[in-house]
Structures are given as structure tokens and as C-alpha cells.
Amino acid sequence: MENNEQKVKPDDIIFQVVGFKLGEEEFVLDILKVQEIIKLVDITPVPNSPDFVEGVINLRGKVIPIVSLRKRFGFQDKEKDSQTRIIVVEIEKKLVGFIVDYVTEVLRIPSSTIEPPPPLVSKIGSEYLKGVGKLDERLLIVLDVDKILSTEEKNAIQKSF
Amino acid sequence: MGEDMGNEMEEIIVDFLQETEDILNSLDQDLVTLEETPDDNDLLNRIFRGIHTIKGTSGFLGFEKITKVAHRTEDILNKLRKEEIILTPKLMDVILEGVDMIKALFDSISETREENVEIEEIVKRLETVLKEEQEKQNKEVEETPAIPEVPDLKEEKKGEEKKEAEKKEEEDTPKMLGEILIEKNLATPKDILEAHKEQKKLGEILVEKKVIKEEDLKKVLKEQKKGEKKHKEKIETKTIRVDVNRLDNLMNQIGELVFQRNRLVDIVKRIVSGVDGGTEALLEEQLVSIADDLNFITTQLQLAVLKMRMIPVGRVFNKFPRIVRDLSRKMNKEVELIISGEETELDKSVIEELNDPLVHIIRNSIDHGLESPEEREKLGKSRKGKIWLTAKQEGSFILISVKDDGKGMNIERIKEKAIERNLTTPDKIEGMSNKEIINFIFSPGFSTAQKVTNVSGRGVGMDVVKTNVKKINGAIDVDSTPGEGTEMILKLPLTLAIIQSLLVKVSTERFAIPLAVVVETIRIKKDRIRTIEGTEVLKLRDEVLPLLRVNQYFNISFDKELDNPYVVVVKSAEKKIGLIVDNLLGQEEIVIKPLGDFLKKTKGISGATIMGDGKVTLIMDVATLAGEKKLPS
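For the protein sequence lines, the chains are A and B, in the order given. Residue 157 in the numbering used here is what sits at position 157 of the first sequence, and the numbering runs on without skipping anything. Residue 212 in the numbering used here is what sits at position 51 of the second sequence, and the numbering runs on without skipping anything.
Same shape as in the complex, but just chain A (with noise of 0.2 Å):
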């Protein structure tokens, strides 16, 4: 009991998180975000969008738009192969599908091991985190989903028109 107690803090909370990797680096989202992960579809580009969208497809008749998170985040491009998915999100009531390089399992990390973004966790801006989770050796990014298209992406899309 004193033990457990130790570890996880009374008002501890537990997060079920999707966890993906871009590169080396592992990332993890609220699963309560996700909507389904699917296997790589046929995108069709579309014009004069910003160069982080990929496209969009059709997803059991709906239109969703698909961003690849390498390109949103400044990594460089990565041929897709067939460990490539698409993680479907909502985002303000809207599904937007992010490319990942593969998905690796869902996790449970207790709201105690999350620290906020020291400023150079990642080669991706602190302002798209929600923080940096630890599980035994594993270094967690947690993403705020809801901050990858919302500010700069916003500004982006409306800008260049």
C-alpha cells in the first residue's frame, strides 16, 4: 500500500495514450483524441494548400484532410513504407489524419511523470507539446493535438490566399 502510494500520487491522474514514432523520437497522443489508425490510402494532393498537407482522402465517404507531422514539425521527408499510418483525429469537431512513420502501442502514463517541454527537448516547438513524459527509459513527447493546427497552420491556410 505505502509503497503504491509513493508512485502514484493520490490525485494522480491516469493517461491513455497512442504512442508513434517520427524518426528516433517517440511521440505519444490523448487517446481520447483518436478516432481509428488506418493503413496508407490513396491521397490526393491538393493545390496550393500548405506544403504540410498532403491531400486528402476519402474515409468511409467523408473528405478528411491529411498531414504529414514530419513535414509539420521541419523533419526531412521519409519515402512511406508499409509500417506508414494515418492517425485520425479530431480536432475541434473536424478530421484531420496525421502521417507517422509507424505506431507503436498505447500506453498508460500516471500525470506525475509528465514534465512540461524543457525548451530543447525536440527539434519541434515547445508550443505543440504538452509536455515530456518518462516511463522507464523511454522519453514520451506528449503532443497537444489540438495546438498542431491551430495557431500557425490557421494563420498559413488563410494567408496564403
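Where hints are given, some of them may not hold.
Beyond 10 Å from chain A on every Cβ pair, some chain B residues (computed) [as the list claims (entries may be wrong)]:
1) Asp191
2) Arg207
3) Thr214
4) Asp236
5) Thr249
6) Asn493
7) Glu503
8) Ile512
9) Leu540
10) Met593
11) Arg689
12) Arg710
13) Gln748
14) Lys764
Beyond 10 Å from chain B on every Cβ pair, some chain A residues (computed) [as the list claims (entries may be wrong)]:
15) Val18
16) Glu26
17) Gly61
18) Arg70
19) Gln76
20) Asp77
21) Glu79
22) Lys80
23) Val103
24) Ile109
25) Pro110
26) Ile114
27) Leu129
28) Lys130
29) Leu135
30) Leu139
Some chain B residues close to chain A (C-beta under 8 Å, calculated; not the full set) [claimed, not checked]:
31) Lys754
32) Gly757
33) Thr763
It is worth saying that the hints were derived from the structure and are not from the lab. Virtual Cβ for every residue (Gly too), placed ideally from N, Cα, C.
Once you've looked at the hints, dock chain B against the given chain A.
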């Protein structure tokens, strides 16, 4: 329990709003017609009944203000009906004002469920005008014996019927516990009332137990109310009335669909089990037949569902007799409005977007188009100007035309304005056709009105019309002859959800172009493309057509320029341009899907569709593409 009551009440109010809206929709037109044909007793009775129904139901629901206004209006109509007074323009004005007030109250109720409009003034006006007119007319006419008020038998009977209907409703609704207890003599009404009083609301209990403070409770309750209101508004905008026959038709189609599914399941079973499957050829034959039938049924289903969204364009047209009447009185013009084709059906969403553009166009016709009665007489025209408002179907499009027999557009004035506003240069304008010049009126802020009147001349007008029409994938065309009049034609898709499109191929990509904007397609040799002032053009018959290379515009990589590309000639409100594409893939009916919030502003793309192979194809926004290209001089 309280909630149930609330829901029930809400349902009744929604029904009331539906019914009242229908009545109000036809009232305006009926009243204006009545002014022209005051002897039409059937019409007068219909109007009376409409107001009477509104009075009755709103009274029943406790909307006191509507009841009062309707009552006073009904008084006037009743006197007219009994021929105690005759209809004068003054009376008609006040009746219309009354109806307007009922509309204002109606809007207030549908938004907030409360009557937040002041009515004292109008009630007083209704009373005094009736009194004045009555006295005036009584003096004028020789003293006729007043007809004693005979109770209207019909009305009474109707009331009885209603009571019976209510009674029946009462029997149908399940009884509440208290009622049953009273009926069985197990409790007295007093007991029940007291028991009710002892019941407390959650908030009150919490306050008593000191869990929350009273101020906080009040705040939270307010918030709750707000939320409820918002919720209601959202629901309201999403209802549509559907003819029962159309629903039956849909049911039949679904029945067919179920039958075909069963056939399919049966065949699959036989294939899987291999039992008495017959020969492979036989199975194949059956599969082909099922595919055929399914194809047919889905088409029918699509049509049936679309039909449910269709409403007659008369819903919009009905408002215009009134608008025309008011405007012509205001501007001292005599106008006859001739409406035809009001039964033509359009998608609800298209109809909703249609009202504002039509109001603009008709205002323009009355204000700028039609001359004053005196001027018309001098010109040898009839004193009354005519405006024709017509709707008709042409293929999968609806054409709505507003035509007047006024003075037509002043080409010289438009030329001056266009140069003044730097939209073009004097050299260029000399080479333009009248039609091209007229198209300048669609530029933002363009107005040739010499003076700003109440209704037009403020420079917001035709560009708004164009934007609205574009929003519903339509096109607009203007035709004007000096001295003879102007005609504006709106070409609209039957529905917003499904359009006819031309599929084209550009390098590796496929695009859909709405067929509404396609004028023609031609195949050309690439050396026919000329460059003038840095713009590629094609001389087509007598026209110089600016060209737009779709692959360049959309940054699509391509291997090499084709020797014989296709040119799709498209037309948007202002101009015609040619789109250079690699190939034509044919014509197809496509279902329009939005691109979603994140991409909806993408330049040159208006939406997407999903093709038979499951892939997404983008729909070109021709109006934007055409706007990109300027015609070289």
C-alpha cells in the same frame, strides 16, 4: 416529470411555429392580391381564416401579444367580410402593418420562446384606423342600418370540433399518477397539490444543505437557461416538411433494396457452401442481374432522398408581391409583377440562398430599371411598368429570370464609371461588346446610381448578388436593351448536393468542373496558342480567349507539353476563359463533399467528390480561376 411537460410543450410550440409560418408565407401574397381584387370573397375569407387560426392557437399557447395583434387585425377583416366597410389603401396599410408585427413576434418566439416586441403602438393604430375609416365611410354612405352581430355558427361549430379533438388527445396521453389516484378516490386533489409542493428542486435542496450558495445557484441556473436556448435554436434550423407521398415512395424503394440484399446474401451462401449452386455461369448471371437492379434502386433512392429536400420556389416568390408593392409606393412608380413557374422545385439550401439576390435584383429593376409613370407615358409605354419573375427547369438546372420593360442599362454611364474606378482603360473599353461592359456591374462597390436612395445606389449590390449565386454553384447572366428593359438570369443547380460535372485529366491528377459553367470543349494544336502582353490567348471564332494552364496554376509537375491539348471554355459571371487540360474523361454526376474547415479556403478548389473507385477528386472553382486571368487589350 417537469421535463416531460417541457418537451411536450416544446413540441406543441414547434407545431404552432410551423403552422404559423405557412400561414404567414401565403398571407402577404393574398393581401396584395386582395388589394387588386377587393371583391374576391373567397380570398378575403381565406385571409380571415388564416389570421383567425393564428389568433386561436397563439391564445391557446398563451402568447398574449400575438393574440392581441391578430385579434385587432381580425376585427378589421371581419368588418370587411361582413361588408360593413370597404377596403381602402389606408386600411390595407394598417392590415399589412399588423401582419408585419405578427411576423416580428413570430421571429421573436422562434428565437427565444418569448414575445420581446412592443405592440402597444400598432394595436392602437389598428383600433383607431378602423374607427376612423368606419366613421368616414358611414358619413359618406347613406345611413344604412347596422347589421346586428350574429354569432357565427360556423365558427362555433369549429370550436366544438376543436374541443372534441382536444378531448380525444387527452384520452390518448397517458395519465399521471396524481390523476389516477384522484380518480380512484385514493387521494383528494388537495393532497396531491400539497405533495407536489413538498417536492423540491435539486438546487434548492443543495442550498438548504449549504453545499452551494444561493447566488451561485442563480448564476448556474441562468447559464443552464442560456444553454437550453442555444440548443433549441440549433434544432430548429434543421427541420423540413416532407410530403407523405414522398416518404412512402422512399419506403417502397427501401423495400426493394432489402429484397435485393436478400438475393445477394442467398447467392453468397450458395457460393460459400457450394450446395445446389448450379453452374458458375448461372451464378454469374444472377450476380449481374442483382448488380443491375441495385444500380437502378440506388439511383431511385438518391432521387427520392433528393426530392425530400426539394421545396417549390414559390416559397421565395410569394414574398415579392408585397416587396414590390411597398417599394413602388415608396418610389412613386406603378409596377405590375407577373410571377410564373412558382411550382418549380429547388433544393432547400438553394432556396435559402436565393432570397437576398432576388431582392437586390428586383429593387434594382424598380429603382433604376423602370421609369416613372409620367416618363413612361411620354415614351408611349403603359403607365404601369412590368416585372416578370419566372422560374423554369432546363435539364438539371433551374433558370430564374427577373425581367423588366424599363429603360435598360445605361452603357455610357457604366463605361464612365468603370474608367473612373480604374477597372479598365478608355482604349480597352472601346473594343468591348455591350455585354462585356455590362459585366462591370458585378465589380465590388460598383454603382451607377446618380443619387443614393433608400434602396439602391450605395454600391453594395450586384457584387453581393454574384457572391451569393456563386456560393450555390450558380451562374448569372445579364441582357439589357436600351429603351426596352433588362433581364437577369440566374442559372442554378437543382440541388447543392449533386451536380453534373465534366471530368478532366491534368498530368496525373483528375479534376471535376461543374457543367453549369462549361460553355464548350475543343481540341487545339499547341501552335494556335498566342501570347499577348504575357498572357496566353486563343483566338476562337471572333473572340480572344485568355488561357489558363491548369497544371501551372496548380503546380502539378508534367513531363512535356502536349501537342494537342484540350481547352475547356468556361464562363463565370464576368468572363470566359479557356482551361488547358490534358484530356477529357467524360461527364459524371458527382456528390459534392466539403473540403473541411482546414482546407475550405484553398484557392481554386471549391470542394471534393468521391469517385466510383473510392478516390477523392477535387472540384475546380471556376469563378476564382476566371478572376485570375485578365483579358489583354
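Tested hints:
no., hint, in the structure
1, Asp191, "holds, 44 Å"
2, Arg207, "holds, 46 Å"
3, Thr214, "holds, 41 Å"
4, Asp236, "holds, 51 Å"
5, Thr249, "holds, 56 Å"
6, Asn493, "holds, 46 Å"
7, Glu503, "holds, 35 Å"
8, Ile512, "holds, 25 Å"
9, Leu540, "holds, 48 Å"
10, Met593, "holds, 29 Å"
11, Arg689, "holds, 26 Å"
12, Arg710, "holds, 13 Å"
13, Gln748, "holds, 20 Å"
14, Lys764, "violated, 5 Å"
15, Val18, "holds, 21 Å"
16, Glu26, "holds, 26 Å"
17, Gly61, "violated, 7 Å"
18, Arg70, "holds, 18 Å"
19, Gln76, "holds, 21 Å"
20, Asp77, "holds, 16 Å"
21, Glu79, "holds, 18 Å"
22, Lys80, "holds, 17 Å"
23, Val103, "holds, 22 Å"
24, Ile109, "holds, 29 Å"
25, Pro110, "holds, 31 Å"
26, Ile114, "holds, 28 Å"
27, Leu129, "holds, 21 Å"
28, Lys130, "holds, 21 Å"
29, Leu135, "holds, 32 Å"
30, Leu139, "holds, 30 Å"
31, Lys754, "holds, 4 Å"
32, Gly757, "holds, 6 Å"
33, Thr763, "holds, 5 Å"
The structure does not agree with the numbered hints 14, 17 stated previously, though it agrees with the rest.
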